[in-house]
Amino acid sequence: MMAKLRMIVGALVALVLLAGCGQAGQQSQPQRTVTVLAAASLTESFDELGTRFTRQHPDVRVQFDYQGSSTLAEQIKQGRAADVFASADTKNMDKVRDLVGQPETFATNQLTIVVPPGNPAHIASLPDLAAPGRTVVVCAPQVPCGSATQKVAQASGVQLTPASEENDVKSVLQKVIAGEADAGLVYVTDAKAAGAQVQAVDFPEAQQAVNTYPIATIGAAPEKQLAAEFMAFVRGPVGREVLGQHGFGTP
Amino acid sequence: MPVVLWVPAALALALVVLPVLGLLTRVDPARLPALLLSPAALDALWLSVITGLISTGLSLVLGGPLALVLARSRMRGLRVVRAFVLLPLVLPPVVGGLALLYLLGRTGPLGQLLDTVGIRLPYTTAAVVLAQTFVAMPFLVIGLEGALRTAGGRYEQVAATLGAGPWLTFRRVTVPLLLPALGSSLVLTFARALGEFGATITFAGSLQGTTRTLPLAIYNTAQSDVDAAVAMSLLLVVVALLVIVVARPKAVEGRL
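Chains as they are written, first to last, in the working numbering: chain A, 1 to 251; chain B, 252 to 507.
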């Protein structure tokens with residue numbers, strides 16, 4: 001009995017030691033890592049910015065985690081160790097205001113209508129979405145693209161009756177790509193990223209809800225210096241160029 | 252039983268129980284009633300219970316006979332059929348949702364047919380029921396099939412030799428034999444339907460009062476109000492526990 005117990009304990013200790021070694025091995029590399037928590041809508045542009053940043057700083061690895069801004073804000077509140085936070089709206093940046101440095105706006109985004117290729121339901125304007133018999137999918141009001149949708153609808157007096165309120169902009173896109181919706185409201189950048197799978201129909205009312213993206217260094221950042229450098233890089237000429245290519249407005 | 256096994260057993264229990272208790276620590280008792288009685292929470296709970304019950308009924312009506320066929324038939328290729336029946340248990344639910352969407356969606360082969368007679372499934376409560384049934388029915392089928400195999404066919408054969416027709420045998424012999432297993436399988440099926448998330452959000456979408464069941468509402472609310480999401484999570488935990496505690500023990504304790 002005791003012998004068996006000793007064996008089990010021994011095996012556990014060995015396991016813990018092995019795991020420890022693995023981590024030590026990683027740390028001994030000269031490379032430094034900057035961890036960036038970014039809104040899902042930044043995926044394509046930040047991936048490219050990461051590559052460009054590494055080109056300038058060969059010893060630095062940029063690690064991204066793309067999720068909904070509110071999910072990331074909640075993680076920061078729960079004490080997640082990371083260096084930079086780029087949010088898709090000011091609301092979620094405000095939630096972690098005490099835990100981050102001074103936020104700076106680095107990009108803007110606005111809504112566009114997306115329809116399946118060929119525009120089978122002949123949608124040309126925002127009021128068209130409210131016409132009977134059209135299946136429209138939008139973001140839920142709880143997420144940034146949804147609050148933008150709400151703002152646009154209110155400002156233009158269009159009564160939207162969506163078939164579904166999705167939790168993120170990519171789900172809206174997916175339903176339009178699958179042909180399950182006649183139209184959806186997504187960001188200009190998402191429409192661009194979807195390429196030929198959808199057709200974008202711009203509408204003037206989108207001006208009513210221009211979304212600003214703030215970026216900030218996280219207070220407890222393990223790599224403070226790098227965090228500041230990356231933030232400056234995103235707001236600098238390279239950042240503007242890359243973000244612009246992906247459809248963002250740059251202030 | 253070796254005493255050493257108590258240690259991993261306790262760890263296993265802690266792994267399941269502690270996170271749920273962790274939910275409790277996040278709850279603000281002062282806000283709880285208001286959060287639980289919000290229209291969003293009540294709509295979601297109601298929708299979840301109703302669709303869960305319908306899905307369970309559908310699973311019984313369709314899955315029950317399927318279990319019987321799997322347990323009693325000597326058809327060739329039954330193994331393959333069984334593998335397909337079990338598939339939803341191991342597939343990520345989102346895959347189930349996509350599969351349903353590409354069959355029954357507007358552009359799917361069956362969906363196009365339905366569309367011509369004016370039926371559209373995505374974004375409807377019926378879609379929620381289908382998604383739940385897809386994911387939950389295997390629990391019923393496995394539960395019943397296992398019980399049928401354990402019980403064997405002897406009673407039925409005896410009934411047949413005594414001159415009972417297939418229907419009489421089914422009603423008077425097979426069904427009574429199955430009742431305990433049926434109870435526990437139904438409970439498990441209902442509980443699984445209650446917790447269904449991925450297939451529903453993919454196939455049915457998410458709209459309050461129509462397709463936004465409790466799990467979807469929790470996910471949706473967590474985007475903006477974590478406290479409200481935790482309150483709803485607690486609600487789901489309580490409902491699920493109630494269902495399992497009230498109806499499940501008999502089967503678990505081996506009194507099949």
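Keep in mind that a hint or two might mislead.
Said to hold, decoys possible - Partial list, computed: chain B residues near chain A (C-beta under 7 Å):
#1 Pro373
#2 Tyr374
#3 Thr376
#4 Gln408
#5 Thr425
#6 Leu429
Think of the hints as simulated: they come from the structure by calculation, not from any bench.
Glycine residues also receive a C-beta, built at the ideal position from the N, C-alpha and C atoms.
Task: Hint validity - Thr376 of chain B Cβ closer than 7 Å to any chain A Cβ - done: This interface hint is violated because 12 Å lies over the 7 Å limit.
Open item on the list: Tell me if the interface restraint on Tyr374 of chain B is satisfied: Cβ within less than 7 Å of some Cβ in chain A.
Closed with: 4 Å, holds
- [ ] Identify whether the interface hint at Gln408 of chain B stands, where standing means a beta carbon of chain A within less than 7 Å of its own.
- [x] Hint violated; Gln408 of chain B Cβ to chain A Cβ min 49 Å, cut 7 Å.
Task: Hint check, Pro373 of chain B versus chain A [nearest Cβ-Cβ separation less than 7 Å] - done: 5 Å, holds
TODO: For the hint on Leu429 of chain B, just tell me whether its beta-carbon gets within less than 7 Å of chain A.
DONE: The hint is violated - Leu429 of chain B has no Cβ within 7 Å of chain A, the shortest such distance being about 39 Å.
Open item on the list: Hint validation: Thr425 of chain B versus chain A, beta carbon distance must be below 7 Å. Holds or violated?
Closed with: Status violated, d = 42 Å.
Hints 3, 4, 5 and 6 from the earlier list are contradicted by this structure; the remaining hints agree with it.
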